[in-house]
Amino acid sequence: MDEVLLIGCPASFLAVLPDDVRPVRLDRWTNEEAGVLEPVLVIVGPSVDAPILAAQHAAQRYEGCGMVIAAPSERCAEIVRLLRVTPFVPMGTRVIAHDRRNELGEGFRQALERARLDAAQRLRLEQVQRALAAAGSVHAGSEGDGETSGQVHGVLLSAAEREELQAFFRLYDAHRREIGENILSEGWKAESPALAETEEEQTRRSEWDETCACLQRDAVLGDDWAPYLDRLRAEGEAYARRGRTFHRWLALLQGFRRRATTLLMEGTAGRGGESAALIGGMNLFLDLATETFMEAYTLARRGQYYGYSERERLYGSVVESSDDGIMSMSLDGIITGWNRAAERMYGFTAEQAIGTHIDIVVPEDRQEEVQDLRRRLAQGDSLTNFETVRVTRDGRRIDVALTLSPVRARSGAIIGASAIIRDITERNRKQRELDRQAQELEVARVDYQDLFDNAPDMYLLVDVRTRRISNCNETFIRKIGYARDEVLGRSIFDIYHPDFHGEIREAFGTLGKDGEVGNVRRGLQCRDGSVIPVLLSVTAAWDRQGEIEYSRCSLRDISDIVELEARQSAILAGALDAILTIDGDGIIVEYNPAAEILFGYDRSEAIGGSLADLIVPPDQREAHRNGLARYIGTGEARVLGRRLELSAVRKNGEEFPAEISIVKLSGTAQPLFTGFVRDLTELKKTQGELQRSIAELRRSNGDLEQFAYAASHDLQEPLRMVGSYMELLDGAYGKALDETARTYIRFAADGAERMKSLVDGLLDYSRVDTRGDNFSWEPCADILARALGDVQMLVDETGVEVTHGELPTIWIDPRQIERVFLNLLTNAIKFRGRTNPRVHVSADRNAEGEWQIVVEDNGIGFEEKNAERIFQMFQKLHGRGEYGGSGMGLALTKKIVERHGGRIWVESTPGVGSRFHFTIPAGSAAAAHFSRAAARRTSGEEGE
Amino acid sequence: MKLANDNHVVMVDDNDGDIVLAKVCFDRSELTNPWLAFPSGEKLLEHLAGVKADAAPMPAIVLLDINMPQMSGFDVLIEIRKDSFFVDLPIFCMLTSSAAERDIEKASKLGASGFVTKPGNLNDYVGFFNSLSRA
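Taken in order, these protein sequences are the chains called U and A.
My numbering runs 1236 ahead of the 1-based position in the first sequence.
My numbering runs 276 ahead of the 1-based position in the second sequence.
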């Protein structure tokens, strides 16, 4: 009966032990008491102070025994950690949590049993098989057990299991060989080499085994093994992933093997070699199945636990401490290894990652790539620094460089892949940043080049030592007309007009001293001989020794400005007005030749002088300064933009009236004002004279009119007396007088009559301007009709035919123009011809836009030389006997027409007829004339 | 204008020639009223004072020359129209020439009943008197 040694264990532990063991309890380890025992299992209980030490002692004393350390749960982790670095602790030692206050549960019992059986299996094949079968059943019964107490915290399992498996396989191999030897046909057996000890013989034997295996495999399964083996591999990984031991699976397999063998043997009884081949084949398959399962299991386990050996432990620590992510996976993509760097990189812990599919870190769009990679790995390819994209647990995409190699089993078969992962997100980001900066630099460079080449100004770099051009922009090339290679290296004296060479030499001195030359004018000598005025600015570029290395020149084409200046200075020079410009302090900055003449100061005296002191009369200087200061301070302008009449003073102190207008120049940095000054002395004098003349004229005209009016008015009375009493005399005493006396009376009456007619004419004439009606728009034809009405009797009597053409509507004094027509008609009728007398009135626009009205007749006419005279007062061409009339009619007509702003003249040919023309302004001219006339009336002025 | 009654046609003029001429033409006209003439405005006013005192009848019309020395026709007009007793008395201003618009305007404002330019020949003068009776 197996012994189980319990050290420092509570009595309750005994209850969980199976019946077929003999427990021995010790409170602590003592060599005396332990020395007599041969336990298959040692349990170090929770009351042992130094459980590892106790386990070490026991392991040394009982080689190959099972070992269980039951410790308080809080110590378990530490114990496991210590065990890993403790020598002489047996493989397969279990550390089980046991807290005293808890009841021992099924888990604990199982753990104890497992430990015992593990140890026992090393002793006997039967025991192993039994243990496995029991473990399987125990495990089956413990699925889903939620107890914490009794949980297996850690086991040095891999190595133990490996050893155990090797032992198992050795036993099984022997067993299989036994079957084969017993069952295989005689022929095969005869050829089967004897068990040999030499290496050569071993090789031959394995070759033989291989041959047999092929035959057996073919016999049982043909070529269709691969799918089964894949499934077994997955199952092995799944077992490992779920933390289950392989024992249960092996037990199941073993049970299957036993039952299958029995069945096969029974089913093929008496069929000799066939039976043996089938059973052998079955066994071979099961062996392969076991090998495949175990390989997958152990590989998967490797990802979960630390290595089998020191070397692997070393690898493990290297792997764990690597800055690169390192992972392994099976060929179907299940993650089997995952180091800390991979945890950091992807955000999944090893626990989360291992056992899951690699897809968790593969973005959707890279799935195909991963499948392709897996295919290539399966073919044995390796990849170095394969750059791709992966995704982290929080969904962030990272750039990675993968180094992938296939992982091979000892057999050389590829069973998975390892990957070294380098996060190159940052590197890529930096690279992109560098690319972007490079691109920006390139863009900036292109921009600068473009700016340099195509700026409106010309740019030159000049080697100051040789005074030659070392670089220039395209604008310069275009302006100067040379090709670039003609310009580069050219002396700068070649590109400036010779007039400037002296200044240029001086400028080099200035440049050396000040480092710059600002805004100087030069003439650029172009290839075609033309000279472009330019504004040149130069700055020096210094080298480290403080010498000028080269100079930078910018040249601005100021042709436009120069032309403008020329035009403006021509205006300034040629202006008749004095033109001065002052700055905000009242200092004269510009002064033209007319100003020199006007004020007496020459330009050099005036420029820089104070306007107030030079030309403003002393009593107005204060006001001038205040006005300027007020404008500068407040912007309040009283004089800008207006025409002013002020006094100014000449150099000789003479004050004179001046007309001044001042404008503020726009767009200048400092306020500048330009004044235009015109000497009004002459104008004032002339104006004064003119006004005096006008007043004089007006007065004499008024006197004349007053005289004419008064004269004619007062003459009426005595005339009437003379006329009336002559008539009375003739009527009352005519019959009593003789013929001579009556003739005298008639002469006197005639004289009085003509005198009256003259006086009436004079009166009318004097009243044309003063007694006129208001102007209005009148149809000329109506006026003519009214005039005709007045002479209708005369027309009827004389048989004159009066016609008219189309006549306009005109702006007139209707009564006066009626008088004009009346006079002209009367005139035409009076001087009519003998046959078919006709008068025709027409109107047309003349060249000046006036209405020109013509009254023409076919009368007796007169000599052209009298054409002026007939419009004078009291002038008559005919004697009193031939034609009546006062001689006032045409003079009056002329005066009326002139009052209307028109002219009157006559063309005449004796015996053919006369054409009287008079004009009346049309439209606006008429209105303007009227408004002048109205203004005269309003101001009470009489006369023209 | 019709004469107000059959009383005197009164003429005031400093010029005897005018008065004589007017009397000749008046006599030749259809008017049958008695004729009365004064050489000045003062004499007319004296007469009118008598009219007011009922010593003489209210004249049918006064023909008043404007252009007189001392008291002008305007002065006489102002005096007469001051007294409401004579507010209905017809007073015609006799003008020397037809041109005296300003005189017409002034007389009208001062209360003249009508105007007449002294006719230049006898027939016109007679016609004027006839128009007074026919109107």
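The set of hints was computed from the structure by calculation and includes no laboratory data.
Note that the coordinates shown come from a computational prediction; the quantities given were computed from them, not determined experimentally.
Warning: the hint list may mix true and false statements.
Which chain U residues stay away from chain A? Per the calculated CB distances, all over 12 angstroms, these [unchecked claim]:
(1) SER1805
(2) LEU1951
(3) MET1957
Derived DSSO-like pairs (lysine-lysine); straight-line CA-CA distance at most 27 angstroms [stated by the list, open to error]:
(4) A:LYS299 <-> U:LYS1971
(5) A:LYS319 <-> A:LYS358
(6) A:LYS358 <-> U:LYS1992
(7) A:LYS319 <-> A:LYS385
(8) U:LYS1992 <-> A:LYS299
(9) U:LYS1666 <-> U:LYS1715
Residues from chain A that face chain U, not an exhaustive set, calculated with beta carbons under 7 angstroms [what the hints assert, rightly or not]:
(10) ILE295
(11) HIS323
(12) PRO366
(13) GLY390
(14) VAL392
(15) THR393
Backbone N, C-alpha and C define an ideal beta-carbon position, used for all residues, glycine too.
Against the structure, the hints come out as follows:
no.	hint	result
1	SER1805	holds, 66 angstroms
2	LEU1951	violated, 9 angstroms
3	MET1957	violated, 5 angstroms
4	A:LYS299 <-> U:LYS1971	holds, 22 angstroms
5	A:LYS319 <-> A:LYS358	holds, 17 angstroms
6	A:LYS358 <-> U:LYS1992	violated, 38 angstroms
7	A:LYS319 <-> A:LYS385	holds, 23 angstroms
8	U:LYS1992 <-> A:LYS299	holds, 23 angstroms
9	U:LYS1666 <-> U:LYS1715	violated, 46 angstroms
10	ILE295	violated, 12 angstroms
11	HIS323	violated, 25 angstroms
12	PRO366	violated, 24 angstroms
13	GLY390	violated, 20 angstroms
14	VAL392	violated, 13 angstroms
15	THR393	violated, 9 angstroms
In summary, the numbered hints that this structure violates are 2, 3, 6, 9, 10, 11, 12, 13, 14 and 15.
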